[in-house]
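This is what each chain is made of:
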Amino acid sequence: MALFKNAKKVIDDIEEFFNTVDKGVLVFKEGVNNYLHGNQEAFNNNIAMMARLEADADSLRREIESKLYTHSLMPQLRGDILRLLEEMDDIIDMAKKSLFQFDVEVPNIPAELNQDLILLTDMCVSSVSSVIPAARAYFRTPDTVKDQIHRVYFYEKEADKLAEVIKRRTFRQMPNLKLSEKFHVRYFTLHIETVSDSAEKVADLLSIMAIKRTI
Amino acid sequence: MFFLFITSGLFLGWSLGANDAANVFGTAVGSKMVSFRKAAFIASIFVIIGAVAQGGGTTETLGKLGSVDAIAGSFTVALSAALVIFFMNRYLIPVSTSQAIVGAIIGWNLFTRHSTDISTLTKIVSMWFAGPLLGALLSALLYLALRKLLLILKVHLIILDTYIKWGLIIVGAFGAFSLGANNIANVMGVFIGSAPNIIIDLGVFTLSGKQFLFFLGGLAIAIGIITYSKKLMDKVGNGIMALSAEAAIVAVLTQAIVLFVFSSTSLSVFLKSMGLPSIPLVPVSSSQVIVGAIIGIGLVTGVNEIKFKTIGSIVGGWILTPVMAGLLSFVSLFFVKNLFGLYIGSEAGVDETSIAVNEAIPDNAGYINLIWPGVSLMAVIVLAAVIVYLYKQQKRVLAAERELLEKEKEYNNGQKALTEAEIKAIHIENDFLQNKLEFKRKELVDYALSIVEQKEFLEKIFDELRSVREEKKPEKKDEKLRKLEVDIRQRMSFTDKVDDFNIQVEKMNKDFSARLSTQFPSLSANEKRLAILLRLDISSKEMATLLNISEKSVEISRYRLRKKLGIEKGVNLKQFINKI
Chain A
1379 MALFKNAKKV IDDIEEFFNT VDKGVLVFKE GVNNYLHGNQ EAFNNNIAMM
1429 ARLEADADSL RREIESKLYT HSLMPQLRGD ILRLLEEMDD IIDMAKKSLF
1479 QFDVEVPNIP AELNQDLILL TDMCVSSVSS VIPAARAYFR TPDTVKDQIH
1529 RVYFYEKEAD KLAEVIKRRT FRQMPNLKLS EKFHVRYFTL HIETVSDSAE
1579 KVADLLSIMA IKRTI
Chain B
50 MFFLFITSGL FLGWSLGAND AANVFGTAVG SKMVSFRKAA FIASIFVIIG
100 AVAQGGGTTE TLGKLGSVDA IAGSFTVALS AALVIFFMNR YLIPVSTSQA
150 IVGAIIGWNL FTRHSTDIST LTKIVSMWFA GPLLGALLSA LLYLALRKLL
200 LILKVHLIIL DTYIKWGLII VGAFGAFSLG ANNIANVMGV FIGSAPNIII
250 DLGVFTLSGK QFLFFLGGLA IAIGIITYSK KLMDKVGNGI MALSAEAAIV
300 AVLTQAIVLF VFSSTSLSVF LKSMGLPSIP LVPVSSSQVI VGAIIGIGLV
350 TGVNEIKFKT IGSIVGGWIL TPVMAGLLSF VSLFFVKNLF GLYIGSEAGV
400 DETSIAVNEA IPDNAGYINL IWPGVSLMAV IVLAAVIVYL YKQQKRVLAA
450 ERELLEKEKE YNNGQKALTE AEIKAIHIEN DFLQNKLEFK RKELVDYALS
500 IVEQKEFLEK IFDELRSVRE EKKPEKKDEK LRKLEVDIRQ RMSFTDKVDD
550 FNIQVEKMNK DFSARLSTQF PSLSANEKRL AILLRLDISS KEMATLLNIS
600 EKSVEISRYR LRKKLGIEKG VNLKQFINKI
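Keeping their order, the protein sequence lines are chains A and B. Residue numbering for the first sequence follows our numbering, starting at 1379 and increasing by one per position. Residue numbering for the second sequence follows our numbering, starting at 50 and increasing by one per position.
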């Protein structure tokens, strides 16, 4: 129906955007694993793919923004929606930045921390993977948003705890590591952690947006 | 005269349109979902349709309260109501047109000593309470139903937005229809007794005198909407009704339904036929119903945007408005009757027949056939529209043609300038080629002459050498040899050649030489020659040979030339000369 043509195109773009963010964090997880296990070629592929996905997400976000304004859709809620998309775009930006940091700085990470760092990445990616269905729900069933975002908070907290454990182990139980290397490990733990922090931000925003829609 | 007297009613209609249209389209326009132009157009059309088609019911109720039967009385009553609304609005007290008009009618009743029908008054006043209450109840139910429906349908937010946009337009149109139907009584109700007894045949339908009055009232409301409601619509969209789009649509729908229910004769008749109590047809305030609806939605969502102060001012308005309008009406009627000596209506106890003489209404209603005038008017309108369209189209075509012409002219000018430049360039090139040709020809001639001259010279040398060899006397031999040496030395001098060269160079650079003479008349022939040689990028060493002077002298000449040309320190002489 011509009446819904523009609306449907925007919906498709939003879905595509969410898919891109989702794929982005999965590539991030794979990238960290490959780096820690020394699979350089696979890691390089992950970097290239991440760059492409991040660029796609950016262009999709811009297209949605311009469509919402040019077709004067959602005049009351578009401000919120655009903020949501920007915050979600931040997640993939953070993931890309972190992965690129691995490539640029090539940190020396002790093998005994590999497992913990992989788990930390898993937690962060899980928090993002949980926030995406919540964002999707905002558009169709805003009353269920609340039920979905509690998982985000859970994963974010777990990621926080795990990051702290890694930092403690690095500084207290690894006397052979140079101080500079310890700092490096700490920074990379932080880099990974920021992904889950971004997901938490999106969850906070979504909970307010959902309340606004239900009153 | 009749039209002059109904102006107060039209003014009342205008203020109703200016104020109440915001209740219908405020959210849609304020939230920028619907443009004001579109909203005003839809509201105007539907208000008029509502007024003409369904305005009778509520008017009848007002008539029962007090039938103002003289046009001057109607004028005064409507004016009093309008003035009270005007002043109350000025002090930002929300008032309802129906409350003002009811007060003004009671004022007329009191002045003319007619008794006020208490049961009708009770019915009207109770509806003032019932309207917002019903609004609250209905909106709560509708809102709950809508939410349930949305939960089941799980419509995407952006699709929902499109639905809401169209929903606001449809519900707004319904609201405007109900507003016209319900509130036209406030605007034109008091004039009903003085309505012209005519039937206007428009071919497709006929309009009675009453409906004609309603049409005029509707038109006044429409003008109010078009001219003065935009500001309030923007304010409503961002102020009191800054609700979610779903809540806004429910509030407007509730208002439309309540106003429709209280003005629909057919619904009332239908309920009566079903054995149910009929609904009283009473004009209710659309603003107050909207407030009720918002309270209803607030009760459901648990968020109440309406402050108790607002409710207090509404209730205060219910008492204050009718009292003020009644008083003003009473006082105004006194002045109109005693000061202007106008007939303001029959008084209770006075012989009604005497009135009949003044306000005699003919038994047979005047029949005005407006089919042909209507058709003609339509034809004229269509014709005018076609002419305007064609004129505009023509204007647009002409403008486009003019623009095209301008562009063509611009292009032609450009082409002309280009052609001129090309011609000039060709001329210059021709001159240059001509010079070159002349130079080459001269060169060829010179070459030929030089071959001849050289041959002659060599032959001369050959002859002289032979004569030297044949000479026996040593003195003579020496002399001849010396002469031969001088000849050869002379031959080695390039003076002639150099002169030739100088002539050629000057010929080739005659334009430059002319420019030099105009700009720097004080230059000597040698200095001009030096400048030309500099322009040809010839080195000082080569110049020394060509000018037959030493290198040092060239440097001195350059220095003098700089001075004469007025070249400042730091500026390159060659570059300066090339720029001349």
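Please keep in mind that the hints were generated in silico from the structure rather than gathered at the bench. Glycine included, C-beta positions come from ideal geometry on N, C-alpha and C. Check before you lean on any hint, since a few could be wrong.
With the C-beta cut set under 8 Å, the calculated list includes, among others, these residues of chain A facing chain B [to be verified]: (1) Ala1433; (2) Phe1478; (3) Gln1479; (4) Asp1481; (5) Val1482.
Computed footprint of chain B on chain A; a stretch qualifies when at least three of its residues, placed anywhere within it, have a C-beta under 8 Å from a C-beta of chain B [what the hints assert, rightly or not]: (6) 1383-1397; (7) 1505-1518.
Against the structure, the hints:
1. Among the interface hints, the one on A/Ala1433 is violated; its C-beta lies about 25 Å from the nearest C-beta in chain B, farther than the 8 Å criterion.
2. For A/Phe1478, the suggested interface contact is broken, since its CB lies about 34 Å from the closest CB of chain B, more than 8 Å.
3. Of the supplied interface hints, the one on A/Gln1479 is violated, with its beta-carbon coming no nearer than about 36 Å to a beta-carbon of chain B, more than 8 Å.
4. For A/Asp1481, the interface hint is violated, since its Cβ never comes within 8 Å of a Cβ in chain B; the closest pair sits about 38 Å apart.
5. Of the supplied interface hints, the one on A/Val1482 is violated, with its beta-carbon coming no nearer than about 40 Å to a beta-carbon of chain B, more than 8 Å.
6. Using a Cβ-Cβ cut-off of 8 Å, 5 residues of the region 1383-1397 of chain A lie near chain B, which meets the minimum of three, so the contact claim holds.
7. For a cut-off of 8 Å, the count of residues in the region 1505-1518 of chain A with a CB near a CB of chain B stands at 3, and the three-residue condition holds.
Checked against the numbered hints above, the structure breaks hints 1, 2, 3, 4, 5 and satisfies the rest.
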